[in-house]
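A.B. asks: Throw the hints in and build the complete structure from the sequences for me.
2 protein chains.
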Amino acid sequence: MTSLARTEPAAHDASNLSPSVLARHACRTGMASSTAGVADGFVQGNLAIMPEKLASAFHRFCQLNPKPCPIIGMSDVGDPRIPALGIDLDIRTDLPRYRVWRDGEVVEEPTDIMAHWRDDLVAFVIGCSFSFEEALRADGLPIRHIERNVRVPMYRTNIACQPSGPFAGPMVVSMRPFKPADAIRAVQITSRFPAVHGAPVHLGHPSSIGIADIARPDYGDPVPVADDEIPVFWACGVTPQSVIAAAKLPFAITHAPGLMLVTDLLNKQLAVL
Amino acid sequence: MTSLARTEPAAHDASNLSPSVLARHACRTGMASSTAGVADGFVQGNLAIMPEKLASAFHRFCQLNPKPCPIIGMSDVGDPRIPALGIDLDIRTDLPRYRVWRDGEVVEEPTDIMAHWRDDLVAFVIGCSFSFEEALRADGLPIRHIERNVRVPMYRTNIACQPSGPFAGPMVVSMRPFKPADAIRAVQITSRFPAVHGAPVHLGHPSSIGIADIARPDYGDPVPVADDEIPVFWACGVTPQSVIAAAKLPFAITHAPGLMLVTDLLNKQLAVL
Numbered sequence: 000m001t002s003l004a005r006t007e008p009a010a011h012d013a014s015n016l017s018p019s020v021l022a023r024h025a026c027r028t029g030m031a032s033s034t035a036g037v038a039d040g041f042v043q044g045n046l047a048i049m050p051e052k053l054a055s056a057f058h059r060f061c062q063l064n065p066k067p068c069p070i071i072g073m074s075d076v077g078d079p080r081i082p083a084l085g086i087d088l089d090i091r092t093d094l095p096r097y098r099v100w101r102d103g104e105v106v107e108e109p110t111d112i113m114a115h116w117r118d119d120l121v122a123f124v125i126g127c128s129f130s131f132e133e134a135l136r137a138d139g140l141p142i143r144h145i146e147r148n149v150r151v152p153m154y155r156t157n158i159a160c161q162p163s164g165p166f167a168g169p170m171v172v173s174m175r176p177f178k179p180a181d182a183i184r185a186v187q188i189t190s191r192f193p194a195v196h197g198a199p200v201h202l203g204h205p206s207s208i209g210i211a212d213i214a215r216p217d218y219g220d221p222v223p224v225a226d227d228e229i230p231v232f233w234a235c236g237v238t239p240q241s242v243i244a245a246a247k248l249p250f251a252i253t254h255a256p257g258l259m260l261v262t263d264l265l266n267k268q269l270a271v272l
Numbered sequence: 000m001t002s003l004a005r006t007e008p009a010a011h012d013a014s015n016l017s018p019s020v021l022a023r024h025a026c027r028t029g030m031a032s033s034t035a036g037v038a039d040g041f042v043q044g045n046l047a048i049m050p051e052k053l054a055s056a057f058h059r060f061c062q063l064n065p066k067p068c069p070i071i072g073m074s075d076v077g078d079p080r081i082p083a084l085g086i087d088l089d090i091r092t093d094l095p096r097y098r099v100w101r102d103g104e105v106v107e108e109p110t111d112i113m114a115h116w117r118d119d120l121v122a123f124v125i126g127c128s129f130s131f132e133e134a135l136r137a138d139g140l141p142i143r144h145i146e147r148n149v150r151v152p153m154y155r156t157n158i159a160c161q162p163s164g165p166f167a168g169p170m171v172v173s174m175r176p177f178k179p180a181d182a183i184r185a186v187q188i189t190s191r192f193p194a195v196h197g198a199p200v201h202l203g204h205p206s207s208i209g210i211a212d213i214a215r216p217d218y219g220d221p222v223p224v225a226d227d228e229i230p231v232f233w234a235c236g237v238t239p240q241s242v243i244a245a246a247k248l249p250f251a252i253t254h255a256p257g258l259m260l261v262t263d264l265l266n267k268q269l270a271v272l
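For the record, the sequence lines run as chains A and B. Just so you know, we're using numbering that gives the first Met the number 0 here: the first sequence kicks off at 0 and counts up by one. Just so you know, we're using numbering that gives the first Met the number 0 here: the second sequence kicks off at 0 and counts up by one.
Hint data in this document are derived by calculation from the structure and do not stem from the laboratory. A hint or two may mislead.
Where chains are identical, the list cannot tell them apart; a pair therefore holds if satisfied intra-copy or between any two copies.
Stated by the list, open to error - No more than 30 Å apart at the CA atoms, straight line, and that leaves these computed lysine-lysine pairs for DSBU-like: (1) LYS52 <-> LYS247; (2) LYS66 <-> LYS52; (3) LYS178 <-> LYS247; (4) LYS267 <-> LYS247; (5) LYS66 <-> LYS247; (6) LYS178 <-> LYS52; (7) LYS178 <-> LYS66; (8) LYS267 <-> LYS52; (9) LYS66 <-> LYS267.
Bear in mind that the values here come from a model prediction, so they are computed numbers and not experimental data.
C.D. replies: Listed below in C-alpha cells is the structure:
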C-alpha cells in the first residue's frame, strides 16, 4: 500500500487510513466474507437494528443483561452513522453481509441495507468475543476453535435472561476448553473486559446450565474437551440475535453470523484495568 | 471495654488499642488457642524462624515461590521486632503457641520462645488464607469449612516448588468447594490479594495435581464437594512448614497450626486494586 502510494498517488490516499477504516471501505465495495482476523487489534461488534417503537424495550433488555448484550455503540433514530465507533461509519453499508428478519424469519441476506433503511430505525452495536480472545492469545493461552480453524461452539442454556417487552429467552454461551491453570488466567484476563462479555458465566459443569451434550453445540462447531481440561463458558453476543428471532418482530436487521462490524475502537481501549 | 474504661479507668487504658494489639497482649499473658476469628479484619501470618546461615536460602525459596510463600514481613538478624507489622510486636512472645523443630522433628510446643531466641535468628511472616477468606465472605460466598466449623482441607500436590538450598518439596494447597459461578467470583476476588496467596492455582481436576482422593486431605479436615460444585485450590502457607520439616534443619521455629501471628495490617490494605 505504501509503495503504491509512493509511485502512484491515488485520489484518496489509503496509506494513512487505519485497518479498520480500510475494512469498512472494503465492505462498501463488495467484501462479503468473515471478519475473523480482519483489522487485528480493532473492536468488532454484533449488529441489531429495529424500529424505534421496539428499540426502547430492546435497549432495556441489553441494560438488564449486560453480560450477553454489552452495548458498545448505538445510533440516533433514523441516523445511519455512529461516529463514536468510526467518524465515516455508515451502518447501512459497512458490514460484509446483513440478515433481514420479518416475523422471526430471515428473508434476505444482502451485502448492504440501503433499500431497507427507514428514518425510524435504531442501530445497536454489541461487543463480541473477538476482543477478549485477542487478550487471551496475547497472554499465550491456546484457543481451541482458532487452532482448529472452526467457529466457536455456542449453546443455549437454562439461564433465563431478564425479559423486557417482547425480548425474552435463554442466554446463549460460547465455550472454550482450557487446562485448569489457564482457565483461572482466562477468568482474570476477561474480567478486565466487561464491555465484551467480561468474566465467564460458568465453568466445569455444562449440565448445571442446561447443556446436555457438549459435543453438540446449538450454534458453531464442536471442539474436543480433553479429560484434564475444563470447559469455560462466556455469555455470547448471539443471545440478542436469538432473542430477536424468538420475539418474531415484524421487522429487524442483524449482521450475518461471523460477518461483523469493524470499528475504530482498539480492543485494548476496552480494558478497565 | 468502653463502658469499663468509663467507670473504672485502668492503669493501661486498653480502650484505644486495636483488636490486633489486644490479641498480641493476650498471647503474651497466656492465650494459647486458635486465632481463627480473632481481631476480625486484621492480617494474620504464618511464622518461620531460622538461623541466619539458612535464612538467605529460605528467603530465596519464598522469592521463587511467591504463591505458597508470600512474605508480608521479616525481622533483622537477631532482632525480635517487626515494626512494619506492629510497633510493639515481639515475635518471641506474641503468638499463642510455637513449634520448635530439631532435625525435622517437633521437639517442643511452647507458648513463648524466650528461652530459644538467639542473636543469629531471622523471623519470616508469611501471608495466610484467613485474609482472602474475609474478602470472599464479605462478597457473600459461602466457605464450606467455616460453615462446618472444621479446619480447611489441605493436600500435598505434584506441583514442585522451585528449590533453594535445602528447601525443596511439593506445593501444599488448600481446597474450598464452590458452585461454578461462585468459583469464577472467587478467582476475581482472590486475584486482588497476591500478598495472601492470590488467585487459585488449580480447579476442577484434583488428580491433575496429584490429589488421589479429595476426601482424604493430608492436613486439616475433609469437607464434602457436591456434584454441582467445583473444588478450587489455593497455594497454602503450610508449604513452607512442610518444606522446613523435609529439610531437616538442625534448628527452626514455626507457629503451631492455626495459632497465627495477629498483625496490625488490615486485610483490605493488602488488596492491589
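A.B. asks: Indicate, hint by hint, whether the structure satisfies it.
C.D. replies: Structure-based check of each hint:
{"no.": "1", "hint": "LYS52 <-> LYS247", "in the structure": "within (15 Å within a copy, 77 Å between copies)"}
{"no.": "2", "hint": "LYS66 <-> LYS52", "in the structure": "within (24 Å within a copy, 55 Å between copies)"}
{"no.": "3", "hint": "LYS178 <-> LYS247", "in the structure": "neither (40 Å within a copy, 35 Å between copies)"}
{"no.": "4", "hint": "LYS267 <-> LYS247", "in the structure": "neither (36 Å within a copy, 50 Å between copies)"}
{"no.": "5", "hint": "LYS66 <-> LYS247", "in the structure": "within (23 Å within a copy, 53 Å between copies)"}
{"no.": "6", "hint": "LYS178 <-> LYS52", "in the structure": "neither (46 Å within a copy, 40 Å between copies)"}
{"no.": "7", "hint": "LYS178 <-> LYS66", "in the structure": "both (24 Å within a copy, 19 Å between copies)"}
{"no.": "8", "hint": "LYS267 <-> LYS52", "in the structure": "neither (35 Å within a copy, 48 Å between copies)"}
{"no.": "9", "hint": "LYS66 <-> LYS267", "in the structure": "both (18 Å within a copy, 28 Å between copies)"}
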